[in-house]
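Participant: Below are the chains, spelled out letter by letter.
2 protein chains.
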Amino acid sequence: MRRVTPDLMSLNTATVKQQWNLEQCIEGCARHGVGGIAPWRDVLHEMGVSKAAKHILDAGLQVSGLCRGGWFTAEGALTPAVIDDNKRAVDEAVELGSACLVMVVGGLADGSKDIDGARAIVEEGLAKTLDYARSVGMPIAIEPLHPMYAADRACVNTLRQTLDICDKLGEGIGAAVDVYHVWWDPEIQEQIKRAGKERLYAFHVCDWLLETKDMLTDRGMMGDGVIDIPALRKGVEAQGFDGLVEVEIFSATNWWKRDPDEVMQVLIERGATAC
Amino acid sequence: MRRVTPDLMSLNTATVKQQWNLEQCIEGCARHGVGGIAPWRDVLHEMGVSKAAKHILDAGLQVSGLCRGGWFTAEGALTPAVIDDNKRAVDEAVELGSACLVMVVGGLADGSKDIDGARAIVEEGLAKTLDYARSVGMPIAIEPLHPMYAADRACVNTLRQTLDICDKLGEGIGAAVDVYHVWWDPEIQEQIKRAGKERLYAFHVCDWLLETKDMLTDRGMMGDGVIDIPALRKGVEAQGFDGLVEVEIFSATNWWKRDPDEVMQVLIERGATAC
Chain A
1 MRRVTPDLMS
11 LNTATVKQQW
21 NLEQCIEGCA
31 RHGVGGIAPW
41 RDVLHEMGVS
51 KAAKHILDAG
61 LQVSGLCRGG
71 WFTAEGALTP
81 AVIDDNKRAV
91 DEAVELGSAC
101 LVMVVGGLAD
111 GSKDIDGARA
121 IVEEGLAKTL
131 DYARSVGMPI
141 AIEPLHPMYA
151 ADRACVNTLR
161 QTLDICDKLG
171 EGIGAAVDVY
181 HVWWDPEIQE
191 QIKRAGKERL
201 YAFHVCDWLL
211 ETKDMLTDRG
221 MMGDGVIDIP
231 ALRKGVEAQG
241 FDGLVEVEIF
251 SATNWWKRDP
261 DEVMQVLIER
271 GATAC
Chain B
1 MRRVTPDLMS
11 LNTATVKQQW
21 NLEQCIEGCA
31 RHGVGGIAPW
41 RDVLHEMGVS
51 KAAKHILDAG
61 LQVSGLCRGG
71 WFTAEGALTP
81 AVIDDNKRAV
91 DEAVELGSAC
101 LVMVVGGLAD
111 GSKDIDGARA
121 IVEEGLAKTL
131 DYARSVGMPI
141 AIEPLHPMYA
151 ADRACVNTLR
161 QTLDICDKLG
171 EGIGAAVDVY
181 HVWWDPEIQE
191 QIKRAGKERL
201 YAFHVCDWLL
211 ETKDMLTDRG
221 MMGDGVIDIP
231 ALRKGVEAQG
241 FDGLVEVEIF
251 SATNWWKRDP
261 DEVMQVLIER
271 GATAC
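Listed in order, the protein sequences are those of chains A and B.
Mapped onto full-length UniProt numbering, the consecutive letters of the first sequence carry residue numbers 1 to 275.
Mapped onto full-length UniProt numbering, the consecutive letters of the second sequence carry residue numbers 1 to 275.
Everything labelled a hint here was simulated from the structure, so no lab data went into it.
Among the hints, erroneous ones may be present.
Identical chains blur together in the list; that is why a pair holds if it fits in one copy or across any two.
Stated by the list, open to error - In silico DSS-like pairs for lysine-lysine, Cα to Cα no more than 27 Å straight-line:
id, residue 1, residue 2
1, Lys213, Lys257
2, Lys193, Lys113
3, Lys17, Lys54
4, Lys193, Lys168
5, Lys113, Lys234
6, Lys87, Lys128
7, Lys234, Lys87
In isolation and in its complexed conformation, chain A is listed as follows (with noise of 0.2 Å):
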């Protein structure tokens, strides 16, 4: 198992994304030593693709993956809207050098109560993306999002559905797995097993907070919370995966809150004890 050096981290602009916009986490990453950078498309367009890209060469950082493409099922049915727009986060991943696109598949279509039906339109989504990724070489990371999350962010919810879709589906797709997601399944080390290598694109970590009081923004810094984090990078790691570990951590009351340069210092501060 890997020491967790501020080299081995990559910087999820989401985690500051109150205080910097994606020139200043670019500039914080360098700054701290941090070797990676995750950005969200929305930061990545407000500074344009190209001058982000340049930015983040000049800077030395890898990019971890790109946030994100998806969201499959925003229109009902898959629209020729929707693939473009994932095409165009494919190519921005390409841009960026990335090492995936990471995927949030989109949850219930609005007004439905037909779970399967959106997981279909999810995997057809992910197959034709895919079929544009390979041509460009850009692997596809579905990111399995924790259950309380199936209506409206993601339905796909396990690292074993995730693997199944995969299987499904051949070469060039994988697993992005954020701790917080996964850390309650029962058959989690079984299944970061079951993928292998080559089906581990990216490993999140951020922590589950024992009082959690939102839902969405309230997750926790590496430590302060209840996930066995080392068991779960043990894991990936002892089937070869060897990225950066991302961290994104949405936190409204507390770390969005907090001087950007203070939230480094602690990240890679638990990224050695915590993580």
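Since chain A is already given, all that's left is putting chain B on it; use the hints.
Facilitator: Relative to the frame of chain A, chain B by itself:
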């Protein structure tokens, strides 16, 4: 598939916990023609077990379940106090003539991040309780809780996991399937089939609200959320489940604030139209 008439429904007392004590719940069920009741132990103790049993019998109600045994991790290791309390819960369920004793198994032990350890404690606790429950003929129903409660309420979080435990422990133990906890699970129908009639002891309904504002106390009335309840009921009834449809809604800002007779009217109506 049955028509859900009031006589096939059961009122879990938590649904009107802010408005009615157990005696009022019993009277309310009788007045509205609801066929059964599922008391929580706190309100049961408040009324007195023998008195409650007599009133329930006199009112002609069935008892679809006693909520709840379990909480095996409450004291870290499995203590005699915890086992004794579970045995008392079994006795109470017997005295009420309950269809089963519902188990909310407990989450992580205080200060622990060891979910595998918690699960081992739970399995031991279930085994010991089951030994006793078998001797008095009371079925034990494990209620897998939604993964968002894995840390603080129950580390048994899927029907698959529940049935794996049942397979290890043998006869007399099964599942309480609550649509709120399992609706998101991509293999729920498959696992319901695996359970079969002999492992399906209870069926609970409420709904998942699209904008859930509180992880514990913002459940919806059947029909107000996104769960395809009829599909799940069809699944359990296809296996031969013929117990009551138990309504269990925790709703601090809505249903707990309404006139309880109105709550009864609405849940009866929704039994017919949304279950």
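Participant: Confirm or reject each hint.
Facilitator: Okay, the hints, checked on the actual structure:
1. With identical chains, the CA atoms of Lys213 and Lys257 are at most 27 Å apart both within one copy (16 Å) and between copies (22 Å).
2. When the C-alpha separation of Lys193 and Lys113 is checked against a cutoff of 27 Å, the pair qualifies only between copies, where the shortest distance is 21 Å, while the shortest distance within a copy is 33 Å.
3. Proximity of Lys17 to Lys54 under the C-alpha cut-off of 27 Å is restricted to the intra-copy arrangement: shortest distance 21 Å within a copy versus 60 Å between copies.
4. Both within a single protomer and between protomers do Lys193 and Lys168 lie at most 27 Å apart by alpha-carbon distance, with minima of 18 Å and 24 Å respectively.
5. For a Cα distance limit of 27 Å, the shortest separation of Lys113 from Lys234 across copies, 15 Å, qualifies, whereas the shortest one inside one copy, 38 Å, does not.
6. Taking the shortest alpha-carbon separations for Lys87 and Lys128, only the intra-copy value of 9 Å comes in at or below 27 Å, while the best inter-copy value is 56 Å.
7. In the homo-oligomer, the alpha carbons of Lys234 and Lys87 never lie at most 27 Å apart, since the shortest distance is 34 Å inside one protomer and 40 Å across protomers.
Hint 7 from the earlier list is the only one contradicted by this structure; the remaining hints agree with it.
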